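K.L.:
I would like the entire structure built from these sequences, with the hints used as guidance.
Each chain, letter by letter, is given below.
Number of protein chains: 2
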Amino acid sequence: MVAINSCFQRLKRTYIFSLIEEKIATLHKKISPDPLINLSIGDIALPLVPTVAQAMSRAVLEMGTFSGLKGYSPSNGYLFLREAIANTHFAILQITPDEIFISDGINTDITNILDLFSLSSIVAIPDPTYPAYLDATILSGRTKIMTLPCLETNQFHPYPPSEACDLIYLCSPNNPTGVAMNRDLLATWVNYALKHKAVIFFDHAYEAFINSVDVPHSIFEIPGAKECAIEFCSFSKSAGFTGLRCSYTILPKALKARYEDQEISLHTLWHRRQAAKSNGVAYPIQKGALATLLPQAQSEIKAQINSYLAQAKALKQGLIQLGLDCHGGIDSPYIWVKTPKGKSSWEFFDELLIKCHLISIPGVGFGKYGEGFVRFSAFTTPDKVDLALKRINQL
Amino acid sequence: MVAINSCFQRLKRTYIFSLIEEKIATLHKKISPDPLINLSIGDIALPLVPTVAQAMSRAVLEMGTFSGLKGYSPSNGYLFLREAIANTHFAILQITPDEIFISDGINTDITNILDLFSLSSIVAIPDPTYPAYLDATILSGRTKIMTLPCLETNQFHPYPPSEACDLIYLCSPNNPTGVAMNRDLLATWVNYALKHKAVIFFDHAYEAFINSVDVPHSIFEIPGAKECAIEFCSFSKSAGFTGLRCSYTILPKALKARYEDQEISLHTLWHRRQAAKSNGVAYPIQKGALATLLPQAQSEIKAQINSYLAQAKALKQGLIQLGLDCHGGIDSPYIWVKTPKGKSSWEFFDELLIKCHLISIPGVGFGKYGEGFVRFSAFTTPDKVDLALKRINQL
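As given, the protein sequences belong to chains A and B, one line each in that order.
Residues in the first sequence are numbered from 1 upward in steps of one, following the UniProt record's numbering.
Residues in the second sequence are numbered from 1 upward in steps of one, following the UniProt record's numbering.
Since the hints were derived computationally from the structure, they do not count as laboratory data.
Just so you know, not all the hints are guaranteed correct.
The list treats identical chains as one, so a pair stands whether inside a single copy or across any two.
Claimed, not checked - Below, in silico cross-link-like pairs of lysine-lysine (BS3-like), each with a Cα-Cα straight-line distance of 25 Å or less:
| # | residue 1 | residue 2 |
| --- | --- | --- |
| 1 | LYS368 | LYS338 |
| 2 | LYS23 | LYS277 |
| 3 | LYS253 | LYS338 |
| 4 | LYS277 | LYS368 |
| 5 | LYS302 | LYS195 |
| 6 | LYS29 | LYS384 |
Note that this is a predicted model, so its numbers are computed, not measured.
P.N.:
Below, the structure is given as structure tokens:
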């Protein structure tokens, strides 16, 4: 009988979001109709902005005409979108359209990127962080995994280890802690990667939420980053595209890795991988992504981001007033809340769920160093923030 | 310096479609404006049918409203689509909605499915066939690859080998040869897989083109297939979705593989993998896929399929009249044409391109046993079939 990939047996955690869904389903059978307030999964709470919805509708109807029919898209995405991204976000940084790869989500690319590297590479992963990095690393068969603890004592930031490693996952503004690395810290990481000829996978999903002036809007603002980093960006959180699936990966041509005594272009390898394994992203989705870059759409989207950030601020202030120790929420829609009275993540999660009908995420779901915290998301509406605070106050 | 996945060095072929694009680009610089006729890549030539375009436009505009906003879709797809597929295509076969996984393309799933299995598994792959199976197998690090030659002497069908293997790629109606396996041959494969406890990856992208009564519309029509097969279906060719990206994978709950002395459900593993590595398919795309199942859309789509099949028939008959040896084109949009006078695939391809301004695909691009053939695609319009035949006649 064919054998399974035994790495599945090394995945100790049930995927956190599935576990939470089960708990909620169980609760739904028991509780009063008092509606649940969901401050958990980082999903949008506001509709697609009008300029983008209209552009996508036009694109779909265009596909219904002979002159506008569209078949396979290029596996790296339409040039119109890659050019627009290069010209809007990356003109000063001199990223060219052919260094941009369109994809259906950061999750897809930031896990598939492992395909390019040796199975013996040492992978450094922050803890707590987005669970897919570790799961994908384990499933890929890699066993040399270095944990980067993100603790109160280091303001929840990962710092370069004293030993060498090959591949480094970084997420800033961070999910789940909501903190963002400033220019100095990112430069420390870039210098570490250059020294050890390692590659940084920089998850920049929450770039649109950056407020602080010393937090870069791209890792490529740091000198040398083009020789050691791949940046993963998305329209999911920046333009409310979670239900539409469009992201882009910046893989500079200067980036190299070793094969025997040669240096190989990772850009070429990724092109080759994508040509064999991807058929690109739907045309109307790419037209929608293009529309997000229009000035009118940018102003509609900015209003949404600002409203999420205003809620993050209100929620954080309210929680602090209730005596809770809170982090993040400035350059991020997430607030990282220390559990009161030394409770475990799940104890506080259960209390919030059962007594307040409030869904958070237990910090331990993002890694063992997330124990003793829960994550609140500001992807909600102001009335729900008020109600959530009132209910927590009654605890 | 971090090392690359050395399997990339084992990929001998440049991806065939990239090579062809380069040849055409070179030619474009030299030739007269006589327009090229593209009978190569299997892409659609007709626009999205009206019922589907309108449904998708409605879905996009719905996402622009508060009551209709949609965030992340379930990683296995919306229940509305899985139920509709189960009820239309698979009711008799008793495939349940939770055995159906929605994805952005067969290519994605039929290559990612390898993640579930041991790296030491023996993979059987037809030759010639769709190149992604072999490329993905090589990139995954697997080295035990068994070739199943599809030759004139066996009507271009793969037959079970005498030795055992673990994983088997089958594509029927086949790309590129255009031939379809009948019930008896599929039953032979199912029995082989059951005997050796192997798993068949059944690529059914071209199911909508099946005309012959003895060719099954699902591998699950064969008794025992639910214990040994995964079927990969798509809206790409059946509903003109190549530019929209939607497919579905049927992974029966009865399917098991080994881990030490236990039997493990592959259905559970695939769920786990998809939860960690996929964020699902865009909502408007899934609504579009749902609309393809409506009676009105089915009649619009059937007319398109029939027109492609009529062109396949006309092209095949024309080529035969010109003295060429042709196969396929009955249950498939593809015609597999033997090169005249013992020419190589690339020689005949170049001749067709340079003298007839006609793009085909060299058979050898699909595997070494494709040498001496080219593939013609009927994804075109009747006027182009006529013109292509006239030009070949002048060779």
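K.L.:
Look at each hint and say if it fits the structure.
P.N.:
Here is what the structure says about each hint:
1. LYS368 x LYS338: Within one copy, since 14 Å is at most 25 Å while 62 Å is not.
2. LYS23 x LYS277: For LYS23 and LYS277, only the inter-copy Cα distance (22 Å) is at most 25 Å; the intra-copy one is 36 Å.
3. LYS253 x LYS338: neither (42 Å within a copy, 41 Å between copies)
4. LYS277 x LYS368: between (34 Å within a copy, 21 Å between copies)
5. LYS302 x LYS195: neither (38 Å within a copy, 60 Å between copies)
6. LYS29 x LYS384: Intra 22 Å, inter 62 Å, cutoff 25 Å: intra-copy only.
Hints 3 and 5 from the list above are not met by this structure, while the remaining hints are.
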